[in-house]
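Protein chains: 2
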Amino acid sequence: MDNLELCEANNVPLTPLTFLKRASECYPNRTSIIFGQTRFTWPQTYDRCCRLAASLLSLNITKNDVVSVLAPNIPAIYEVHFAVPMAGAVLNPINTRLDANTIATILRHAHPKILFIDRSLEPLAREIVHLLSYDGSQLNLMVIFIDETDLPKKFSSNELDYEGLIRRGDPTSSLVARMFHIQNEQDPISLNYTSGTTADPKGVVISHRGAYLSSLSLIMGLEMGTFPVYLWTLPMFHCNGWTLTWSVAARGGTNVCIRNVTVPEIFKNIELHGVTHMCCVPTVFNILLQGKPVHLSNRSKPVQVLVGGASPPAALVKKVQQLGFQVMHAYGLTEATGPVLVCEWQDEWNRLPENQQMELKGRQGVGVLTLSEVDVKNTKTQESVPRDGKTMGEIVIKGSSIMKGYLKNPKATSEAFKHGWLNTGDIGVIHPDGYIEIKDRSKDIIISGGENISSVEVENVLYKHQKVLEAAVVAMPHPVWGETPCAFVVLEKGETYQGGRGDKLVTRERDLIEYCRENLPRFMCPRKIVFVEELPRNGNGKIVKPKLRDIAKGLVFSDKDTISSKKVQGDDDNYRVGCLTSRL
Amino acid sequence: MDNLELCEANNVPLTPLTFLKRASECYPNRTSIIFGQTRFTWPQTYDRCCRLAASLLSLNITKNDVVSVLAPNIPAIYEVHFAVPMAGAVLNPINTRLDANTIATILRHAHPKILFIDRSLEPLAREIVHLLSYDGSQLNLMVIFIDETDLPKKFSSNELDYEGLIRRGDPTSSLVARMFHIQNEQDPISLNYTSGTTADPKGVVISHRGAYLSSLSLIMGLEMGTFPVYLWTLPMFHCNGWTLTWSVAARGGTNVCIRNVTVPEIFKNIELHGVTHMCCVPTVFNILLQGKPVHLSNRSKPVQVLVGGASPPAALVKKVQQLGFQVMHAYGLTEATGPVLVCEWQDEWNRLPENQQMELKGRQGVGVLTLSEVDVKNTKTQESVPRDGKTMGEIVIKGSSIMKGYLKNPKATSEAFKHGWLNTGDIGVIHPDGYIEIKDRSKDIIISGGENISSVEVENVLYKHQKVLEAAVVAMPHPVWGETPCAFVVLEKGETYQGGRGDKLVTRERDLIEYCRENLPRFMCPRKIVFVEELPRNGNGKIVKPKLRDIAKGLVFSDKDTISSKKVQGDDDNYRVGCLTSRL
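Chains A and B supply the protein sequences, listed in that same order.
Each residue of the first sequence is one higher than the one before, starting from 1 at the first, in the UniProt record's numbering.
Each residue of the second sequence is one higher than the one before, starting from 1 at the first, in the UniProt record's numbering.
Note that these hints are calculated values from the structure, not bench results.
Possibly wrong hints are sitting among the right ones.
Treat identical chains as interchangeable: a pair holds within one or across any two.
Calculated lysine to aspartate or glutamate pairs in the EDC-like style (CA-CA distance at most 16 Å, straight line) [claimed, not checked]:
{"no.": "1", "residue 1": "K319", "residue 2": "E148"}
{"no.": "2", "residue 1": "K467", "residue 2": "E122"}
{"no.": "3", "residue 1": "K418", "residue 2": "E8"}
{"no.": "4", "residue 1": "K467", "residue 2": "E159"}
{"no.": "5", "residue 1": "K113", "residue 2": "E518"}
{"no.": "6", "residue 1": "K493", "residue 2": "E127"}
{"no.": "7", "residue 1": "K63", "residue 2": "D2"}
{"no.": "8", "residue 1": "K443", "residue 2": "E394"}
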C-alpha cells in the first residue's frame, strides 16, 4: 500500500486559482463581471489576470511578496484576487474606510512592494505616501492607480497604471503554466488585517489550501448551484469577500460589481441582472428597509442573502424576507478564512410559527463541511459544555481552512491557537439539536451578580419592539451587582423619544424597560436606556461597543430625569448621542 | 511568511470520516438509514461504526490491513465505509455479481484479513473458501457473516458475526479520538477492483484525501442541498457508490437501502420516503420503463438522477424524464475516485427543442471542481485537440482526487499515469462551449477506411428508432475498408424481427440500415444488424463489447438471408443470440 508514490497526475496542490482557469475553459460564453457598462466574459477575465500577473512578474514581484490593494467593489479588486497569487505573491486587501494613519500602520507592517489604489482614493493615497515618507521606513512602495476601464485617462503617459499593466503583460504559455501550478498548498495567498489595527496590527495569513476549502464550504453552505448572479454588496476587502471571490469563479457565476452600496443601486442591479445571491452584514438590512424598498416578490425565486458579522435580529430578518429576500445566517472570522458556522435550514421548521422561525434563523448554526471540528468549551476547564442550549462557553474550531497565523506576531498567534484549537473569543451555547448560538463576544458578556448576561439576547428583545430600529447593550457599573445592562437605542424614523424633538407620542425610557421586564428575566433587564441618533460603528460596520462601555461607565442612576448630550468619536466618524438618564 | 508553522488547530488531514462525526453532532435527530423496517439516526450510525471499529482493532486489524466486504446495498456495507477506515484499515468492497473464481483471484491479490459477507451469499462464501483452501495461498481469512439486524440469528453462538462485533465493541473516548484523527491524508481508505479481473487484477488504491475531495465534488456536481433522501440503486461496491456513501453523511441525508433493485422496490421507496436523489447506469432506465412505471409527476420536485457508466441515449433520457425524474449525466472511473465530468445544465438550454436538450444531456460535460485539469489530447502527439466538437482524442485528467495507483501492479500504474496525466482510455471531443463528449472507449473505436467511427454515435441514432430498446455497435472486418460497424439490437417488447417468432409487422435488417442512412453519414452506417434477445453484460451491468466483437468477426456478408443462433457466454450469465445475416 505504501509503495505507491505520488506523481504529477495525482498530487496537485489545492488552490482556488484553478477555478479561474476552469471557468475560462468550461464557461467560455458566460459573463464573469458586470460593472455599469463594463462586461467581461470568463476568458476575458482569465486573459486580463494572466496579463496582470505577467506584468507583476516583470516588475520583479517574487514569491511571498505582498501586494496591497485599496479599492471598493470594482472589477480590479476582483481580478487581483487571482492575478496577485498567480504571480506567486500575497494579496493584501485593505479596508477603504480606514484613515490614512491606520492604513500607513498596516503598510509598515505588511511591507508590500506595490499598492494598487482606486483613482477615487487619490487624496487618501497622497496622505498615506506623505506619512510613509516622513517616518523613514524602508518601504519602497510602488503606488499604482486603478482607473475605470472605459474612462479617458487622467494621468501622464509615463505613469504606471493598472490598465497599462494589463495591456503590456505578456503571458507566454510556459509562464501561464507556472502561474497555475503552485508549489505548496500551504503557501500564503492573502494577508488580511482584522479591525483594531492601530496598536497591535494583526495580519491574518491565509493559505491556498485554506482559501480553496473555504471557497467550497461557501458554495455548499449557501447551496449555490451553477451560474449564480452574485451582487457584491459585501466589500471584497472583508476577508476576500468571505472567499466568495473565488467561489463565484468556481461556479461559473457572474459578479455584479457596484461602487457604492446604496438602496437604489442594490434594487436596480437585482432587477437588471437577475441577482440570485448576495452577502452582507445586518446593517445593510437597515439600509434596505430605510430607503424606498422595492418588493421583489414577483420574482420566481427570492434573492439568497448570507448574513454575517453580527446576529441578525429576528424582527429585522422578518421584514427583509417580506421584501423578497431569503436570509441565511452564517458566522465567521477572518482567522478562519471566512464563514465557519452556517444556520442550515431544516424543512420541518417551515411548519413553526413565523416568529419562532426567525429566532431559529438567528442562530449561527453548524460547522461548515471543511472544518474538522467545532466545539463550545468552558474557558476555565477546557471541557465541552453540555448540549443544553443554556451553558455558555467559548466557541473553538479546528480545520485546514484556518489561518496559518498572524504575520510577525508570534504572541498573538500562540494565544489564538492555545490548547490546540482556534479560540474564537465568541461565547455561545449548543442547543440539543446541535446548532450553536452565539451569546456574545467574550469581552461583551455582562456579569451581573455572578450571572452571565448575553448582551445579544437583550438586544434581540429590544429589536422586537416595534419602535426600535437598532439596539446595542453593554455593561454599566452597578453598586450592588457589579455590572448591569445598559441599552443604547436608535428609534425607527419618525419616532421621538422623551427629551428629543417633539413631545407627543414619545417613547419613554420606562416604557422600554417595562417592555423588557415583560420579555426577559428581571436580572437581564437594562436598568438604563440611552436614546441615540445612531450607533458608533467602525470601518467594518461593526458597532464599537468599547465606546458605548465608556459612555455607560460615566452614567449614574440619578433621581431625576436629566438630559445629557455627548459627542463620541467613532473609528471613522463622529456622531451625536442624545442621552437620557432617568430614575429606575 | 514562511515562519508560520502549522499546528494542531490548522493542519488537519482531510478525510471523509469527519462527515460521520459531524453528522452525529449536527444532525442528532435525523434518520441516517432506512432499510425495510430498520431505521437508524446519525448518532446511532456513529455509535455502531465506533463499536465496529473498536472490535476490528481488538481483532488486531492494524494500519493498511485490508478488510473485504461482499454485500448488496444493506446498512452494513454503508457502515463499513466508515468503520473499516476508522480502524486504520482499507476497505475492499467486492462486486457481488462476480463468480467465486474471480472473487478468489481478487482476495488472493488484495490479501484481506477479514471478509464480511451477507448471509444471502453463504453458498458463494463456501465456494470461495473452498477455492482458497485448495491453492495453498497464505491467506488466513476470517469470514464474518452479516445477518439482518431484526432477524433471529441462524448460526451457533460461538460464530463471529457482524452484529456481535458491533455489540461487543468498546469504543473508549481515547480510541474514538484516534479513529477520527488519521495521520496522513494520503493514507489509503479503499481498494476497489475494476472489471476484467481474471487475468490481471487491477486494485485501485484510493486515499482519504481523494475520497474527501470526490465526496465534495459530488455534492456540488449534483447540487445536493442539505438533508437529501438518497435511494441506493447504485451498488455501493461500485467505487464506493461513486463516493456518495460519504457525501450523504456530509449532507446529513437519509440513506434508503434496498436489497434488490426492482421496479416495485424503486417506486415504493421513492413514494414512501420522499426520495430526492439516486444514481444509476442507463440500464436501470430500461428496467424502470419496462416494468409498470409509476408517474411521479405529482411530486413538488422531480427525483434527481445522476446517470453514468455509459452515455444515456437521448431517447431514453426523454422517456425517463417524462416519468418525473430529472436526469443529470456524469462520467467517471474508479481510477479517479468516482465521477470526474458532470454535464452541468445551462438555463438557456431550456429554450431549445426537447430533442436538442436530450442531446445536450448526453454529453459528459465539464470537469468537476476538485480536478485540477481536464484535457483531450491527440494520443500520438500529446497535443490538445481543437475545441471544435469534431476532433477526437483521449480524455486525460489531473487532480488530487485521482487514485494513488494499482496495488502491486507497477506496470499498469505507470501505464495509467504516462505523460503526467491519468489516461482514461476514453476517446472524446471538446465542443466550442467547453463541454466534453465521449465518442468511445479507445478500444471500441471503429476505424473504417481510415475514418474514426464512434460506436456511441451510431448507437445513439439506433436508440432513437421507436422500435429499438437497446443497441450495441462494434467493428466487424471488412475486405475493403478494414472495419465496418455491426449493430446488435434488442427490439422493444412485443416487436418482432425478421427471422424471429411471428412474421407480421416485422422489423427487417434493411429497414434499420435504411434508417441509419437517413440519419448518419454513409461510412458510419452499420452494414450488418444482428437482432438479439438481450445484450451480454458483465457484473457491473456494462455491455461486454469484446464478446460482440468475437461474434461480429465470425459474420460474413452473404448473398442470402440466413438465420444463425449463437449461444454466448457473458461474464456471469448465458444469453441467446438470434442472429440474422442478410445481404447488404
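Hints, verified against the model:
1. K319 / E148: neither (36 Å within a copy, 52 Å between copies)
2. K467 / E122: So K467 and E122 fail the 16 Å test inside a copy (42 Å) and across (73 Å) alike.
3. K418 / E8: Only across copies: K418 and E8 sit 10 Å apart there, 37 Å inside one copy, limit 16 Å.
4. K467 / E159: Neither, since 54 Å and 72 Å both go past 16 Å.
5. K113 / E518: neither (59 Å within a copy, 67 Å between copies)
6. K493 / E127: neither (37 Å within a copy, 83 Å between copies)
7. K63 / D2: between (33 Å within a copy, 11 Å between copies)
8. K443 / E394: Result: close within a single copy only, 11 Å intra versus 60 Å inter.
Violated hints, in rising order: 1, 2, 4, 5, 6; the structure is consistent with all others.
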